[in-house]
Amino acid sequence: MADDLAAKCEACRAGAPQVSDAELAELIRAIPDWTPLSVDGVLQLQRVYVFSDFAQAWAMLDRVARLAEEHGHHPALLLEWGRLTVSWWTHKIRGLHRMDFELAAKTDALYRG
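In the working numbering, the protein residues as written are 1 to 113.
Rather than coming from a laboratory, the hints here were simulated on the basis of the structure. Keep in mind that a hint or two might mislead.
[Stated by the list, open to error] Mimicking SDA-like on lysine to any residue, the simulated pairs with C-alpha atoms at most 25 Å apart in a straight line are:
{"#": "1", "residue 1": "Lys92", "residue 2": "Leu78"}
{"#": "2", "residue 1": "Lys92", "residue 2": "Ile28"}
{"#": "3", "residue 1": "Lys92", "residue 2": "Gln18"}
{"#": "4", "residue 1": "Lys92", "residue 2": "Ser20"}
{"#": "5", "residue 1": "Lys92", "residue 2": "Phe51"}
{"#": "6", "residue 1": "Lys92", "residue 2": "Glu69"}
{"#": "7", "residue 1": "Lys92", "residue 2": "Val48"}
{"#": "8", "residue 1": "Lys92", "residue 2": "Gln46"}
{"#": "9", "residue 1": "Lys92", "residue 2": "Arg63"}
{"#": "10", "residue 1": "Lys92", "residue 2": "Asp21"}
{"#": "11", "residue 1": "Lys92", "residue 2": "His71"}
{"#": "12", "residue 1": "Lys92", "residue 2": "Asp62"}
{"#": "13", "residue 1": "Lys92", "residue 2": "Arg112"}
{"#": "14", "residue 1": "Lys92", "residue 2": "Leu37"}
{"#": "15", "residue 1": "Lys92", "residue 2": "Ala105"}
{"#": "16", "residue 1": "Lys92", "residue 2": "Pro17"}
{"#": "17", "residue 1": "Lys92", "residue 2": "Leu61"}
{"#": "18", "residue 1": "Lys92", "residue 2": "Ala16"}
{"#": "19", "residue 1": "Lys92", "residue 2": "Gly113"}
{"#": "20", "residue 1": "Lys92", "residue 2": "Leu77"}
{"#": "21", "residue 1": "Lys92", "residue 2": "His74"}
{"#": "22", "residue 1": "Lys92", "residue 2": "Arg47"}
{"#": "23", "residue 1": "Lys92", "residue 2": "Ala22"}
{"#": "24", "residue 1": "Lys92", "residue 2": "Ala25"}
{"#": "25", "residue 1": "Lys92", "residue 2": "Ala76"}
{"#": "26", "residue 1": "Lys92", "residue 2": "Gly72"}
{"#": "27", "residue 1": "Lys92", "residue 2": "Arg66"}
{"#": "28", "residue 1": "Lys92", "residue 2": "Glu23"}
{"#": "29", "residue 1": "Lys92", "residue 2": "Gln56"}
{"#": "30", "residue 1": "Lys92", "residue 2": "Pro36"}
{"#": "31", "residue 1": "Lys92", "residue 2": "Trp81"}
These figures come from a predicted structure and were not determined experimentally.
Take the sequences, apply the hints, and build the full model.
Right, dumping it as structure tokens:
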């Protein structure tokens with residue numbers, strides 16, 4: 001899955017291309033548990049992961065943070081008891097880049113373990 005979306009990251013530079021509506025429709029099929037939503041006019045990918053306790057949610061947050069650092073591309077993370085909400089988008093272009101979909105897929109792989 002992530003291999004299908006793999007691309008050299010150009011997302012973190014101003015002027016990088018946002019995904020088109022057609023690309024969004026295609027790419028979202030590969031990550032069906034994610035929801036595209038607009039937050040303050042910025043399109044983002046969001047998913048809530050559910051756990052049986054705080055420690056498991058925290059451990060997942062740590063794995064996602066390491067993934068983000070590895071790629072130099074950072075999501076919004078909301079840690080709650082038994083829940084971790086992850087939102088990927090590209091800050092520099094105020095929208096979605098293909099890299100956001102790749103990292104969403106990699107986040108799902110971390111969850112599956």
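Status of the hints after comparison with the structure:
1. Lys92 / Leu78: holds, 21 Å
2. Lys92 / Ile28: At roughly 21 Å apart (the allowed maximum being 25 Å), Ile28 and Lys92 satisfy the hint.
3. Lys92 / Gln18: Roughly 10 Å separates the two Cα atoms, so the pair holds.
4. Lys92 / Ser20: holds, 16 Å
5. Lys92 / Phe51: violated, 32 Å
6. Lys92 / Glu69: holds, 17 Å
7. Lys92 / Val48: holds, 24 Å
8. Lys92 / Gln46: Given that 25 Å is the threshold and the Cα spacing comes to 18 Å, the pair holds.
9. Lys92 / Arg63: Holds, because 24 Å separates the two Cα atoms, which is no more than 25 Å.
10. Lys92 / Asp21: Measuring from Cα to Cα gives roughly 19 Å; hence the hint holds.
11. Lys92 / His71: Holds, at about 15 Å.
12. Lys92 / Asp62: The given pair, whose Cα atoms are some 24 Å apart, holds under the 25 Å limit.
13. Lys92 / Arg112: Violated, because 30 Å separates the two Cα atoms, which is more than 25 Å.
14. Lys92 / Leu37: holds, 17 Å
15. Lys92 / Ala105: Holds. Lys92 to Ala105 sits at ~21 Å (cutoff 25 Å).
16. Lys92 / Pro17: At roughly 10 Å apart (the allowed maximum being 25 Å), Pro17 and Lys92 satisfy the hint.
17. Lys92 / Leu61: holds, 23 Å
18. Lys92 / Ala16: At roughly 8 Å apart (the allowed maximum being 25 Å), Ala16 and Lys92 satisfy the hint.
19. Lys92 / Gly113: violated, 30 Å
20. Lys92 / Leu77: holds, 18 Å
21. Lys92 / His74: holds, 11 Å
22. Lys92 / Arg47: At roughly 21 Å apart (the allowed maximum being 25 Å), Arg47 and Lys92 satisfy the hint.
23. Lys92 / Ala22: Measuring from Cα to Cα gives roughly 21 Å; hence the hint holds.
24. Lys92 / Ala25: It holds: about 22 Å lies between the C-alpha atoms, which stays within 25 Å.
25. Lys92 / Ala76: Between Lys92 and Ala76 the Cα gap is close to 14 Å, so the pair holds against 25 Å.
26. Lys92 / Gly72: Given pair Lys92, Gly72 holds - Cα atoms ~13 Å apart, limit 25 Å.
27. Lys92 / Arg66: holds, 21 Å
28. Lys92 / Glu23: Between Lys92 and Glu23 the Cα gap is close to 19 Å, so the pair holds against 25 Å.
29. Lys92 / Gln56: Outside the cut-off at roughly 31 Å; violated.
30. Lys92 / Pro36: Cα-Cα ~18 Å, so holds.
31. Lys92 / Trp81: violated, 31 Å
Hints 5, 13, 19, 29, 31, counting from the list given before, are not met by this structure.
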